[in-house]
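Respectively, the protein sequence lines represent chains U and A. If you're matching positions, the first sequence starts at 1 in this note's numbering and goes up one per residue. If you're matching positions, the second sequence starts at 1 in this note's numbering and goes up one per residue.
Read the hints as simulated data drawn from the structure, not as lab findings. A few of these clues could be false.
[Unchecked claim] Computed Cβ-Cβ distance ranges for the label pairs, DEER-style:
id, chain 1, residue 1, chain 2, residue 2, range
1, A, Arg109, U, Ser237, 31 to 37 Å
2, A, Ala43, U, Arg204, 42 to 48 Å
3, A, Val53, U, Arg284, 47 to 53 Å
[Said to hold, decoys possible] Just some of the chain A residues that point at chain U, by a computed CB distance under 8 Å:
id, residue
4, Gln15
5, Leu33
6, His34
7, Leu41
8, Val98
9, Val102
10, Phe133
11, Phe151
12, Gly152
13, Asp238
14, Gly263
15, Thr281
16, Val284
This one's a predicted model, so the numbers in the text were calculated from it and none came from an experiment. We put the CB at the ideal spot given by N, CA and C, even for glycine.
Spelled out, the chains give:
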Amino acid sequence: MQAALPTRTVPEGQVSPAAAMIRRMTGLFFVHAFLLAGAVFILLPFVWMLVTSIKPPDEVFSAELSFWPDRFYGLENYSFALAAAPVLRFALNGVIVCTGILVVQLLIAIPCAYALAKLQFPGRHLLFILVLLALCIPIQVPALPIYVALAWLGLLNTYFSMMVPFFLSVFGIFLFRQFFRSFPDDIIHAARLDGMSEFEIVWRIVTPSAWPAIAAFSVFSIVAHWNDLYWPLIVISDINLAPPPLGMMYFADAETGSNYGALTAAATVLTAPLVVTFLFARRRFIEGITMTGVK
Amino acid sequence: MSTAAMPFRRQLLWQKLTGAGFALPAFLLLLALHVVPLLVLAALSFTDYELGVVTFEWVGLDNYVQAFSDETFRRSLVNTLYYVAIVLPGSVILSLLVAVLVHQRKRTRSFYEIIYFLPVTSTLIAMATVWQFLLHPSLGVINAALRKLGFGEVPFLSDPDLALPTLAMIGIWQLIGFNMILFLAGLSSIPRDLYEASAIDGVGNGVDRFLTITWPLLGPTTLFVIVTTSITAFKVFDTVAVMTKGGPQGATEVILYAIYLEGFYYFRTAYASVLTLVFLTFVVIFSVIQTFVLDRRTHY
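Please model the complete structure; the sequences and the hints are all you need to start from.
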C-alpha cells in the first residue's frame with residue numbers, strides 16, 4: 001500500500017512538466033506573434049494590391065476604411081488596364097528582352113568558362129582577373145559611355161539597346177567556371193580520344209552536367225532583367241518597347257495614374273509571372289536569387 | 001623528336017587555339033562593355049562634353065571642382081548615406097531575428113519563408129506604386145488606420161523629414177527576405193550538437209544560447225550580409241524614381257538619381273561622368289571590404 005503509489009514530487013531546481021509546457025507555449029505564442037506581425041507588414045501591399053484591383057472607383061476614393069469590395073469591379077479594372085495601357089505588350093517586351101539577354105549570356109559565358117576552367121591558352125590569367133574586377137562594376141558605371149555610343153549609332157529605342165550591356169555576364173562566367181572545374185578531366189580526355197571536338201565536349205557533355213548552375217543562373221538573370229528600371233528608362237522612350245517596370249512607371253505617370261483600381265490591376269498583371277513561378281519553383285528560385293549574395 | 005611528341009605538341013597548340021577562340025567573344029565584350037567605357041568615362045570627366053554637341057574642350061579638373069562644391073550633389077551623397085544608415089541596421093537586425101525564429105520552426109518554416117521572400121521576387125516598381133497608394137494622405141489604408149486610431153494624417157512622402165525614412169522602410173521591406181535566406185544558410189551550417197552540448201552545460205535559455213553559440217558562429221555571415229546590404233542600399237533608385245522624384249525639396253535626392261538626371265535628362269555628360277566616378281569609388285570600397293570578408297568566410 002505504501003509503496004504502490006509513486007509520489008509526483010518535483011525535484012528541486014527543476015520545473016514541473018506542466019510549467020515547462022506552459023512556458024513553451026507562451027514562448028511559441030510570442031514567436032508566432034512576432035513572425036505573423038512581420039508577415040502582415042510584408043503582405044500588406046500584396047493583399048491591398050489584389051483587393052484594390054477588384055474595387056470600383058467610388059470605394060477606392062471613399063475615406064472609409066473597408067477591406068472587401070461591396071461591388072465586384074475586377075473585370076472593369078483589368079480590362080481597363082489591358083486596354084488603356086498596353087500591359088500585355090509590356091509583359092511581352094519583358095519576355096523578349098529577358099530571353100534575348102539570357103540566351104546570349106549563356107552562349108558567351110559557357111564556352112569562356114569552360115576555357116578558363118579546363119583549357120590552357122595565352123591570356124587566361126589576365127582574362128580571369130578582368131572578370132573578377134568587372135564583377136564589382138554595376139551597370140550604372142558604364143551606362144553613360146554605352147549610352148553615348150548607342151546614341152551615335154542611332155540604336156536608341158531598340159530591343160538591342162535594351163539588351164546589349166548585359167550580353168556579357170561576368171557573374172555567369174565566374175559561376176560556370178567554378179562549376180566546370182569540378183567536372184572530371186578523365187571524361188573530357190575520353191571524349192577527346194573518341195574524336196569529339198572541344199565544341200561538342202562543351203555543349204554535349206559539360207553543359208548538361210551543369211544544369212543546376214544554369215537553372216539557378218537563369219532565374220537570377222531573368223529576375224534581374226524583368227525588374228530592371230534604370231537601363232530601360234535611359235534608352236527607351238517609345239512606350240511600345242517598354243519592359244514591365246518602365247511600362248508600369250509610364251502607366252502610373254499618365255492621367256490614368258489616379259485610377260488606382262486599374263493601376264493595381266496593372267501592377268498585379270506585371271508582378272504575377274515571377275511570383276507565380278516563385279511559388280512553383282521555390283527552391284530553385286531562392287537559390288538563383290541569393291546567388292547575387294555570393295557575387 | 002619522337003613520333004608521339006608531334007601529335008602531342010599539335011594537340012597542345014590546338015587546345016590553345018580553341019581555348020582562345022572560346023574566350024574571345026567574352027573578352028571582346030569585356031573590352032567593349034567594361035574596359036573601354038571606363039576609360040571613356042575617365043576621359044570624359046576632364047572635358048566639357050555634352051551629348052548632341054559636336055565639339056568639346058579639355059577643361060582639366062573643372063568638373064571635379066564643380067561636383068565637390070555643388071550643394072545638390074553633396075546633399076544627394078548625404079541622403080544616400082542616410083538611407084544606408086537606416087536600411088542597414090533595420091534590415092540586418094530584423095532579418096536576423098526572423099531567420100533565428102524561422103530556423104527553429106518545423107511545420108511552419110516554409111510558410112514564413114515564402115511570405116518573407118515574396119518582395120524579393122516581385123517587381124519593385126509595381127510594388128512601389130502600390131506603396132505610394134497605401135501611403136496616400138487621404139486615400140491610403142495606412143493613413144485611414146492612423147485616423148481611426150486617433151492619430152492625425154501623416155504626410156509620409158510629402159514631408160521632407162519623413163520622405164527618406166519612408167523610402168528606407170520600403171527598402172527594408174524589400175530586403176528582409178533576401179537577408180533572411182542568407183542568414184538561414186548560415187544558421188544551418190552551425191552543428192546541432194553544439195546546442196545539445198550547451199544544454200548539458202546548463203545554457204538553457206534561448207537568449208543565452210543565441211549569445212554564446214549562434215551569434216559568434218554567425219559572425220562571417222553577418223559581416224557578409226552587412227556588406228551586400230550596404231551595396232544594395234547605396235544603389236537605391238527605383239523607389240525614388242517612382243515615388244518622390246527626389247522631392248520634397250530635394251529630401252530624397254540620392255546619388256544614382258543625381259547621375260540619372262545629369263547624364264540622361266539634362267545631358268550634361270561630362271559632369272555626370274564625374275558623379276559616376278564618385279559612385280564607382282564608393283562601390284569599389286564596399287567591394288574591397290566584401291572580398292576581404294569573403295576571404296575570411298572561406299577560411300573560417
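Index of numbered hints that the structure contradicts, given in increasing order: Going through the list in order, the structure violates hints 1, 11, 12 and 15 and respects the others.
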